[in-house]
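Dock chain B against the given chain A, drawing on the hints supplied.
These protein sequence lines are chains A and B, in that order. Oh and the first sequence: position 81 is 90 in this note's numbering, straight run, nothing missing. Oh and the second sequence: position 206 is 243 in this note's numbering, straight run, nothing missing.
No wet-lab data here; the hints were simulated from the structure. Take the hints with a grain of salt, since some may be wrong.
Straight line, CA to CA, 30 Å or less: simulated DSS-like cross-link-like pairs of lysine-lysine [claimed, not checked]: (1) B:175 - A:243; (2) A:233 - B:175; (3) B:175 - A:242; (4) B:87 - A:233; (5) A:33 - A:186; (6) A:33 - A:159; (7) A:33 - A:168; (8) B:137 - B:277; (9) B:74 - B:87; (10) A:159 - A:186; (11) A:233 - A:186; (12) A:243 - B:311; (13) A:33 - B:87; (14) A:159 - B:175; (15) A:186 - A:168; (16) B:311 - A:233; (17) A:233 - A:243; (18) A:242 - B:311.
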Amino acid sequence: MSVTAFLTDSTLCIGCKACEVACKEWNGVTEDGLDWTGFSYDNTGSVGASTWRHVKFVEHAPEPGIGGNAPEMNSWSFSSDVCKHCENAGCLEACPTGSIVRTEFGGVYVQPDVCNGCGYCVVACPFGVVERNEDDGRAFKCTFCYDRQKAGLIPACAKACPTESIQFGEIDTLRRKAEERLEELRRRGMRDATLYDPVNTSVGGTHAMFIVRGDPRSYNLPPKPEVPTIYLKKGWASSAVAAAVLLGGTLLAFLADGGRNGQRNGR
Amino acid sequence: MSEAKIHVIGGARVPDSPSEQRLVEIRQEAERRGEVKAIGIRPSGAPFPKASPETGYYGLPLLKQPPWTWEIPLYFFAGGAAGAAAVMGAIADYTGADRKLVRDARWIAAAGAVISPALLIADLGRPARFLNMLRVFKPQSPMSVGVWTLLGFSGAAAATAFAGFMGERYGPSLPLRVIENAGQAASLVFGLPFSNYTGVLIGATAIPVWNQNVGDLPIHFAASGLGAAVGLLEMMGNDKSRALQALGLGAALFECWEGLRIEGRGHSHLDPLKHGPSGWMIRTGGVLAGPVPFLLRAASVFTGDSRLRRWAGISALLGSLVTRFAWVDAGHASAREWREPLEIAGEGRRELGE
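Chain A extracted, bound-state conformation (with noise of 0.2 Å):
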């Protein structure tokens, strides 16, 4: 089996939610996004429980020129942001139930007939992605199409995608690809074009890379996500200095009391 990855590139999504509408039809998620937002046509907020397609609306002050914005518009550029399926997973390594699992093609999968609902995931995922369905109790995320790559199909947004702004495929080729992309984009004059794939961080890289316009963090991006584990040494250090105080002082304190109890007792 391949290591597979996304490569969701925002110079090419039109906005047409197909995404959302086919992952949600595949995979049998309830409805959401049925509230205004006010947040231009982004109506869902984010990736949830409910939501593992997203849709991002992004409204820049007017930039001139390329996309055929005239140079008093707005620019706007749309992104379908999705579970980065990280290198080193946060809710993988959080889970006490041994449900999220890797699966053979790298993602990071959520089995629903292990998970019991703790929460431990939601609040160690550094992108904000997992989320616990209070309905349900259980934690929900994109699965990666786990069953649909088993059977030896693409996910169901990929597919779904009407301009290839989704793309699907083998991660090393599809790194290759965007660079590829990168190059042909400032070429074009789009100079601000980055690839987001966080490798130099203590997520290690993930199998949701993205390609957007100017800085990620106007797409919600984080420019440096941590897997919470990097914290565990600095926390079982304090615990364990808790713990010594603790006995040390419980112990001394009361050598030094029954001491005295003794001689009052004449022991």
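Below, chain B without anything else, positioned relative to chain A:
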């Protein structure tokens, strides 16, 4: 005067350079601020939303808030107090302290041993699947380590209290003494990590206010649990023990220092501990667990009034409870703060002298 300024021809206004300048000003203000401030004008949805490196994605939070309800902070409180009580009970027994103190400490530990798993299970999305926690042991997951510690502690503390009770009621016997001694040793061993691991549990997460304090949280939670356990023991009538007094003083002193540490530093990731409802909860818990019991205990040392000690104990107990809820609430506030994970310095921060 007014006729000179407004040129009216047939009821229509004729544009002139001041009127056109004013319209340009309005447009410039709109572009600069995203809205135009004027009396009686309140544009709905203003300022106009923009996604940018300064605003992030419309200021929508990146991180998810903890899905836990009241059971979890209450579990932190009960577990912390029970763990510390088990440690004190065992040491008190080994050093030959008053039997009543040993017995009371064991009962506190046993009560915690029953309440803690109940709270933990009640908070699960699928309580019936609690046993799935025992499919694996994952050292890299504080939740997994914690569940196994809880399991060991609960069994040990309950067995100790039960064997002690049976021995006193129906006379000592060898099996009871073996259970009592083994249980006590095990509840000491498990009680030590059990009283503070919850600090690692929330510290090793993606929530900034928690993970930036991961080096202090376990010690803070241990001191909080110790203060609560001492308070409970004193409320049960053990208000003559100098050892408890010393431990209560130590815990209160550490909580004072913890409060100073939080208040004295200006990092933006500490904001939820100082501002808003979570900030006031942290302060309330800190004052109840630190300065108040410290001063009451100091006063009782000089006056010999044991009522002051009981009040110190009650204050520390309440302080510990409030502190646990405050830290979880601060985690919610931190997850809602969209600037932190995007490393965006907000205007409010610069005002704080960042």
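We went through each hint and held it up to the structure:
| no. | hint | verdict |
| --- | --- | --- |
| 1 | B:175 - A:243 | holds, 18 Å |
| 2 | A:233 - B:175 | holds, 26 Å |
| 3 | B:175 - A:242 | holds, 15 Å |
| 4 | B:87 - A:233 | holds, 22 Å |
| 5 | A:33 - A:186 | holds, 28 Å |
| 6 | A:33 - A:159 | holds, 19 Å |
| 7 | A:33 - A:168 | holds, 13 Å |
| 8 | B:137 - B:277 | holds, 12 Å |
| 9 | B:74 - B:87 | holds, 18 Å |
| 10 | A:159 - A:186 | holds, 24 Å |
| 11 | A:233 - A:186 | holds, 24 Å |
| 12 | A:243 - B:311 | holds, 23 Å |
| 13 | A:33 - B:87 | holds, 28 Å |
| 14 | A:159 - B:175 | holds, 27 Å |
| 15 | A:186 - A:168 | holds, 18 Å |
| 16 | B:311 - A:233 | holds, 25 Å |
| 17 | A:233 - A:243 | holds, 19 Å |
| 18 | A:242 - B:311 | holds, 27 Å |
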